[in-house]
Amino acid sequence: MTEIFGVPVSLLLGQLLLGLLNGTTYAMLSLGLAVIFGLMGEVNFAHGAFFMMGAMFAWMGAHYFHLSFWWMLLLAPLLVGLVGLLVERLMLRRLRGMDPIYGLLLTFGLTLLIEGLFRTFFGVSGSPYNPPDLLSGVVNLGFMYLPVYYLFAMVASVVVCFGTWLLIERTKLGSYLRAGTENPALVQAFGINFPLLVMLTFAFGSALAGLAGVLSAPIIQVSPLMGSNLIIVVFAIVVIGGMGSVMGAIVSGLALGVIEALAKVIYAPISTTVVFILMALVLTVRPAGLFGKEK
Amino acid sequence: MNLLAPPPSTVQVQPGGSGDALTRGKEPAALSIGDLHAWYGDSHVLHGVELTVNAGETICLLGRNGAGRTTTLRAIMGLTSARTGSIRVFGKEVIGLPQHHVAQLGVGYCPEERGIFASLTTQENFLLPPSLPTRFPGFSIDEIHALFPNLKTRANSPGTRLSGGEQQMLAVARIFRTGARLLLLDEISEGLAPVIVQALGRAIKELKKRGFSVLLAEQNFRFSANLADRFYVMERGKIVLEIERSELSNKQAELKELLGV
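These protein sequences, in sequence, are chains A and B.
Okay, so the first sequence: first residue is 1 according to this note's numbering, each after it adds one.
Okay, so the second sequence: first residue is 1 according to this note's numbering, each after it adds one.
No wet-lab data here; the hints were simulated from the structure.
There are no misleading hints in this set.
Only pairs whose alpha carbons sit at most 35 Å apart, straight line, appear in this in silico DSBU-like list of lysine-lysine:
no.	chain 1	residue 1	chain 2	residue 2
1	B	K92	A	K172
2	B	K152	A	K293
3	A	K172	B	K205
4	B	K208	A	K172
5	A	K172	B	K209
Turn these sequences into a full structure, and let the hints guide you.
Below, the structure written as structure tokens:
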């Protein structure tokens with residue numbers, strides 16, 4: 001058996017693997033969005049811009065300061081997290097209690113601002129960013145040659161996603177977060193500083209986007225527009241997984257990456273729309289998403 | 001729309017007549033509420049509530065449905081949309097403080113709807129309220145498990161899978177261990193089997209022994225009759241009657257009239 005759906009098996013496997021790689025990026029991005037949405041009921045439109053900033057910071061670190069990939073893997077998410085923290089503390093906090101549409105508009109406006117700023121200074125053509133020497137080269141998997149870096153990015157993303165899941169589901173801090181998602185007023189009545197929790201959660205979600213950006217930098221072109229190309233798909237994934245569901249975000253992120261890749265092989269024209277078709281289907285059958293709870 | 005209606009009252013409220021006798025030494029009252037008004041959006045719910053819980057007292061707030069018992073407790077915790085007047089917790093004014101600071105003064109709150117979190121296990125629900133900086137011993141976890149053994153055996157079940165009675169025990173028990181020394185318990189006996197109501201009653205007597213101050217909001221007079229040192233009766237957002245435990249028999253008729261039982 002060398003063909004499935006009239007496609008050579010090796011090509012199919014290769015696509016599946018690349019799909020899984022995309023899926024890990026989707027998972028990490030939708031995870032950050034889901035955590036923020038769960039706690040704040042806020043759709044962070046600037047998530048794509050945070051992703052882009054992560055990648056741009058990595059590139060800038062290398063270009064201007066000769067900082068290695070490893071340094072930027074640490075610093076860029078911290079910087080993006082700091083930006084997120086300031087956005088929450090100085091802007092979003094003032095909108096609490098108002099219609100969530102204002103938060104969406106604010107973060108949308110911020111996205112335009114941030115992207116515009118980077119475009120002014122760096123143009124839109126994009127720049128290459130090389131993986132570190134340690135992770136250069138390829139491995140022969142029998143059916144394809146896979147860059148070592150791709151393998152690293154995949155494993156790193158899965159570890160981060162799983163770690164985040166553990167943090168939320170298995171720790172005391174995570175129990176504050178889950179409780180705050182259900183009933184913020186009571187959590188605060190117990191003496192927990194809920195505004196602080198929200199601020200840190202927003203910063204953490206932003207840092208996750210930044211980390212996804214750094215990890216993607218050696219894989220896709222680093223450019224000020226890389227976030228907006230991706231974020232709409234990620235929104236669809238969050239909706240499919242169930243707004244605010246952590247597991248839903250991870251699973252549907254990975255699954256959608258794979259499904260997209262399969263679509264590319266089976267019927268290429270549909271590959272860019274398959275996510276939205278699935279979203280429409282899921283919304284029809286389960287309006288709260290696959291893992292979401294009906295309210 | 002007028003959310004902030006009358007200006008905050010600056011009147012210092014002394015503990016009401018009979019309350020004075022029970023004040024122990026110079027210790028400030030656990031809770032002292034004066035001219036409290038509270039709103040949900042546009043609706044003005046509390047109209048000048050005055051009440052005192054002296055340290056170590058168990059006080060019951062009675063009244064018909066809609067009289068304002070639950071709102072009084074919510075206003076103390078800062079869970080109404082607006083409030084004016086004075087709420088002193090162990091001598092410290094809490095109106096104007098951020099919401100989470102109220103608990104920090106040593107207040108434990110059990111809401112009427114119990115507030116058990118579905119996404120947390122029983123154990124996580126139990127351990128959720130953080131320890132407060134009061135240095136009040138409260139109960140140890142083992143002591144609480146001795147009072148409510150079900151909480152231990154069902155530790156790993158999701159909080160909302162517990163029976164109604166178990167959920168109520170959980171909602172109450174989780175504020176026993178935090179160092180809170182003033183407990184606000186809202187309708188804890190409502191809709192529960194007699195055996196569970198008795199267990200809760202025993203727990204409240206134990207609270208009193210250990211020096212907790214307790215404010216019970218209850219519709220069930222029979223539950224609180226044997227537990228409380230003093231009773232306040234609310235009607236239309238005000239305190240309309242204050243009864244010492246010793247006066248209970250004399251004032252039966254008046255009480256029946258007000259509670260409609």
